[in-house]
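Enquirer: Here the protein sequences line up with chains L and G, keeping their order.
Just so we're aligned, residue 2 is where the first sequence starts under the numbering used here, counting upward by one.
Just so we're aligned, residue 1362 is where the second sequence starts under the numbering used here, counting upward by one.
There's no promise every hint is true.
[What the hints assert, rightly or not] Just some of the chain L residues that point at chain G, by a computed CB distance under 10 angstroms: (1) THR6; (2) ILE86; (3) ASP89; (4) ARG90; (5) VAL143; (6) TRP171; (7) TRP177.
[To be verified] Cross-link-like lysine to aspartate or glutamate pairs, in silico, DMTMM-like; alpha carbons within 20 angstroms at most: (8) G:LYS1734 to G:GLU1699; (9) G:LYS1693 to G:GLU1682; (10) G:LYS1575 to G:ASP1511; (11) L:LYS183 to G:GLU1409; (12) G:LYS1586 to G:ASP1754; (13) L:LYS183 to G:ASP1396; (14) L:LYS183 to G:ASP1604; (15) G:LYS1460 to L:GLU4; (16) L:LYS183 to G:GLU1725; (17) G:LYS1456 to G:GLU1548; (18) G:LYS1681 to L:GLU56; (19) G:LYS1693 to L:ASP120; (20) G:LYS1681 to L:GLU4; (21) G:LYS1554 to G:ASP1571; (22) G:LYS1681 to G:ASP1604; (23) L:LYS183 to L:GLU135; (24) G:LYS1743 to G:ASP1571; (25) G:LYS1693 to G:ASP1754; (26) G:LYS1720 to G:ASP1557; (27) G:LYS1554 to G:GLU1501; (28) G:LYS1681 to G:GLU1699; (29) G:LYS1380 to G:ASP1405; (30) L:LYS183 to L:GLU130; (31) G:LYS1747 to G:ASP1654; (32) L:LYS183 to L:ASP120; (33) G:LYS1567 to G:GLU1725; (34) L:LYS33 to G:ASP1511; (35) L:LYS131 to L:GLU164; (36) L:LYS131 to G:GLU1371; (37) G:LYS1586 to G:GLU1501.
Since the hints were derived computationally from the structure, they do not count as laboratory data.
Where is the CB? At the ideal position from N, CA and C, for every residue including glycine.
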Amino acid sequence: MSEVTHILDRVQQGDPKAAEELLPLVYEELRKLAAARMANEPPGQTLQATALVHEAWLRLTGNAAQEWNSRGHFFAAAAEAMRRILVDRARKKARQRHGGQLERVDLEHVTIATEDSDDTVLAIHEAIEKLARESAQQAEIVKLRYFAGLEHAEIADALGISEATVRRHWTYARSWLYAELKSSLTR
Amino acid sequence: MSETKQSLAEFLFEAALQKRDPAERSAFLDGVCRDDPALRARLDMLLEGHFQGEGFLGKKPLRAAQPLPARPTLKLAVPEEPPDEAIGTHIGRYKLLEKVGEGGCGVVYVAEQTEPVRRRVALKVIKLGMDTKQVVARFEAERQALAMMDHPNIAKVLDAGTTGEGESPIYNLQSPISPGRPYFVMELVRGIKITDYCDQANLSTKARLDLFIKICQAIQHAHQKGIIHRDIKPSNILVTLHDGVPVPKVIDFGIAKATEGRLTDNTVYTQLHQFIGTPAYMSPEQAEMSGLDIDTRSDIYSLGVLLYELLAGSTPFDAKELMSQGIDAMRKTIREKEPMRPSTRLAALGADELTTTAKQRSVETSKLMHQLKGDLDWIVMKCLEKDRARRYDTANGLAMDIQRHLSCEPVLARPPAGFMSFKRRCDVTSSALPPRQRLSFCWRSASR
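This is chain L alone, in the form it adopts within the complex (with noise of 0.2 angstroms):
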């Protein structure tokens, strides 16, 4: 059995500790398959989200923890752990350009994090992070769409709440991005 499938057994029977210890191999997972396609593919590639959170779940447990639980739990690190790895690629990348001072957001053009630029994505997880003092079920949803690519469905199950919720709550916390973003470039 693989440490991840071990882990989330032990998430299964209710250890508080497990699910902290799953991001860790999840993150670490992640990070070698988006290197390694990055690598392999021609610049100006994106990388695809949510394959690379499905092929990470293949690797990591070999599919065997077939409960449903388990992989809510794995999907969720695994969203986090994309927002760390993204974040971080896009904090290297603006250091470098251009001495880690943001560029305006172009609020025109936001759509999923593999797919906007580094100045963006650090602005919404910005962002995000100052929603969560708010609401942490809507930054959650949101993290869940934005670094992982999960669509209404797949988040209301993830979260274990009606996907008219979701929809509700998605309604709101984007705009709450939209007016976040767009107040802090007036600042």
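Go by the hints and put chain G onto chain L.
Expert: This is chain G only, laid out in the frame that chain L set:
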């Protein structure tokens, strides 16, 4: 922003959106924000963001033709959901005894029924937190699919309902099961998966074929009722013993699809379910996931994989190998790579494995090779054709070809050359000898 102001903004935001007419909306905001210009400014900005269109987080995330992550259930941000402590409690008149399985959207328990008869049953209830419209519809679809079928080799549906409805109030008070969740009750099949049963009982090739024919008949029945199973694999076929006679039963139509009638289903989800679960049994058209309409012939492919495994001891593509490749390579293999014929596969086994495989079929290794070479090879490969038009049209067609083989009659799966002369011979022999004599002749004579 303080906690109360944030929720106020959110509340007003949603209320403002209810007003379709911009003038009405403006008037509404004028009214509620009369004393709070900061709040008004905030709401204006939020609404601007909302109506901004696709540009800002509006477009759907880009995807290649990649499978989506499976739908997990996670109690992460919803602390008010209680744990599902169901054992010992009741759903309807069924007392839950033991949890025995968990699938995509449902949990399966062994339950005890006391009225009108006392017996044990299998009860499948939709998972807590999964009662979205789509999932409920899928669950309902599974129940419908099972209820339509009536076959000795398919697990029967006995009852169905929704938790919390029509129950005695006493049960309700005791039960931590939240109400409004659909469930259905099936006959309890106590058995082991077919591949394990055959190996543990050292069933001969012939005996395995006999069981397999019954499974074909069950799938044929489902197809006639307009149901495609879509997830045929050993763990969905249990063998139970009735008076010492092994009876295979097809269970779990969890991702079955009705060919007509209302059935909502997220195709990609169900395909992904298989990727996560058992890619080895997935047909090439399912692996393609191009939105091509999956039909009954996809089940024929999966039956072919099952037959392959029953005869040769492994699936055409090794499951572990498939999964180690990553998704893209996995799909390519299933879609493009030609598998070895069962007898060739045997020939490629190491000595130890070959001995074990033969032992599990109560036959010497050389004889096993001989049994598979020829007819059985061709029958299996016909099921596994990448081009579904070249497979057997029906599960019955497959069953009959196996029957022909067992009766030493020419099989349809043979390569076309010389087929017509074979057919003529077939017509002659079938009228000449009664079936039983032919059978014993075939399987006792050394030449086979």
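Enquirer: Could you run down the list of hints and mark each one as holding or not?
Expert: So, going through the hints one by one against the coordinates:
For THR6 of chain L, the suggested interface contact is broken, since its CB lies about 13 angstroms from the closest CB of chain G, more than 10 angstroms. For ILE86 of chain L, the interface hint is violated, since its Cβ never comes within 10 angstroms of a Cβ in chain G; the closest pair sits about 17 angstroms apart. With a cut of 10 angstroms, the hint placing ASP89 of chain L at the interface with chain G is violated, because the nearest CB-to-CB distance is about 21 angstroms. Below 10 angstroms, beta-carbon pairs count as interface contacts, and ARG90 of chain L has none with chain G, the closest being about 18 angstroms; its hint is therefore violated.
Using the Cβ-Cβ criterion of 10 angstroms, the hint placing VAL143 of chain L at the interface with chain G is satisfied: the shortest such distance is roughly 8 angstroms. Checking TRP171 of chain L against chain G by beta carbon gives a least distance of about 9 angstroms; that is within 10 angstroms, so the hint holds. Residue-level restraint check for TRP177 of chain L holds (minimum Cβ-Cβ distance to chain G is 7 angstroms; threshold 10 angstroms). Proximity of LYS1734 of chain G to GLU1699 of chain G is assessed by CA-CA distance (about 17 angstroms); at most 20 angstroms being required, the pair is judged to hold.
Distance restraint check for LYS1693 of chain G and GLU1682 of chain G: the Cα-Cα separation of roughly 13 angstroms lies within the 20 angstroms cut-off, and the hinted pair is therefore satisfied. The straight-line distance between the Cα atoms of LYS1575 of chain G and ASP1511 of chain G is roughly 14 angstroms, inside the 20 angstroms bound, and the hint therefore holds. Of the supplied pair hints, the one linking LYS183 of chain L and GLU1409 of chain G holds, its CA atoms being roughly 10 angstroms apart against a limit of 20 angstroms. About 16 angstroms separates the Cα atoms of LYS1586 of chain G and ASP1754 of chain G, which keeps this hinted pair within 20 angstroms; it holds.
Restraint check for LYS183 of chain L and ASP1396 of chain G: the C-alpha separation of about 24 angstroms exceeds 20 angstroms, so the hint is violated. Between LYS183 of chain L and ASP1604 of chain G the CA atoms are separated by roughly 75 angstroms; this puts the pair beyond 20 angstroms, and the hint is violated. With a CA separation close to 25 angstroms, the supplied pair LYS1460 of chain G and GLU4 of chain L exceeds the 20 angstroms bound. For the hint linking LYS183 of chain L to GLU1725 of chain G, the alpha-carbon distance of about 78 angstroms lies beyond 20 angstroms, and the restraint is violated.
Distance restraint check for LYS1456 of chain G and GLU1548 of chain G: the Cα-Cα separation of roughly 15 angstroms lies within the 20 angstroms cut-off, and the hinted pair is therefore satisfied. For the hint pairing LYS1681 of chain G with GLU56 of chain L, the CA-to-CA distance comes to about 14 angstroms; that is within 20 angstroms, so the pair holds. For the hint pairing LYS1693 of chain G with ASP120 of chain L, the CA-to-CA distance comes to about 37 angstroms; that exceeds 20 angstroms, so the pair is violated. Restraint check for LYS1681 of chain G and GLU4 of chain L: satisfied, since their Cα atoms lie roughly 17 angstroms apart, inside the 20 angstroms limit.
With a C-alpha separation of about 16 angstroms, the suggested pairing of LYS1554 of chain G with ASP1571 of chain G holds against the 20 angstroms cut-off. With a CA separation close to 37 angstroms, the supplied pair LYS1681 of chain G and ASP1604 of chain G exceeds the 20 angstroms bound. The suggested pairing of LYS183 of chain L with GLU135 of chain L holds, with an alpha-carbon distance near 18 angstroms, which does not exceed 20 angstroms. A distance of roughly 19 angstroms separates the Cα atoms of LYS1743 of chain G and ASP1571 of chain G; the hinted pair therefore holds under the 20 angstroms criterion.
Distance restraint check for LYS1693 of chain G and ASP1754 of chain G: the Cα-Cα separation of roughly 24 angstroms exceeds the 20 angstroms cut-off, and the hinted pair is therefore not satisfied. Of the pairs offered as hints, the one joining LYS1720 of chain G and ASP1557 of chain G holds, with about 14 angstroms between alpha carbons and a cut-off of 20 angstroms not exceeded. Between the alpha carbons of LYS1554 of chain G and GLU1501 of chain G the distance comes to roughly 26 angstroms, so the proposed pair goes past 20 angstroms and is violated. A threshold of 20 angstroms between alpha carbons decides the hint, and for LYS1681 of chain G with GLU1699 of chain G the separation of about 17 angstroms falls inside it, so the pair holds.
A distance of roughly 14 angstroms separates the Cα atoms of LYS1380 of chain G and ASP1405 of chain G; the hinted pair therefore holds under the 20 angstroms criterion. With a C-alpha separation of about 16 angstroms, the suggested pair LYS183 of chain L and GLU130 of chain L falls inside the 20 angstroms cut-off, and the hint holds. Between the alpha carbons of LYS1747 of chain G and ASP1654 of chain G the distance comes to roughly 15 angstroms, so the proposed pair stays at or under 20 angstroms and holds. About 14 angstroms separates the Cα atoms of LYS183 of chain L and ASP120 of chain L, which keeps this hinted pair within 20 angstroms; it holds.
Of the supplied pair hints, the one linking LYS1567 of chain G and GLU1725 of chain G holds, its CA atoms being roughly 14 angstroms apart against a limit of 20 angstroms. This hinted pair does not check out: LYS33 of chain L and ASP1511 of chain G have alpha carbons roughly 51 angstroms apart, beyond 20 angstroms. Straight-line distance between C-alpha atoms of LYS131 of chain L and GLU164 of chain L comes to about 24 angstroms, which puts the hinted pair past the 20 angstroms bound. With a CA separation close to 16 angstroms, the supplied pair LYS131 of chain L and GLU1371 of chain G stays within the 20 angstroms bound.
Taking the CA atoms of LYS1586 of chain G and GLU1501 of chain G, the gap is near 16 angstroms; set against the 20 angstroms cutoff, the hint holds.
Violated hints, listed in ascending order, are 1, 2, 3, 4, 13, 14, 15, 16, 19, 22, 25, 27, 34 and 35; each of the other numbered hints is respected by the structure.
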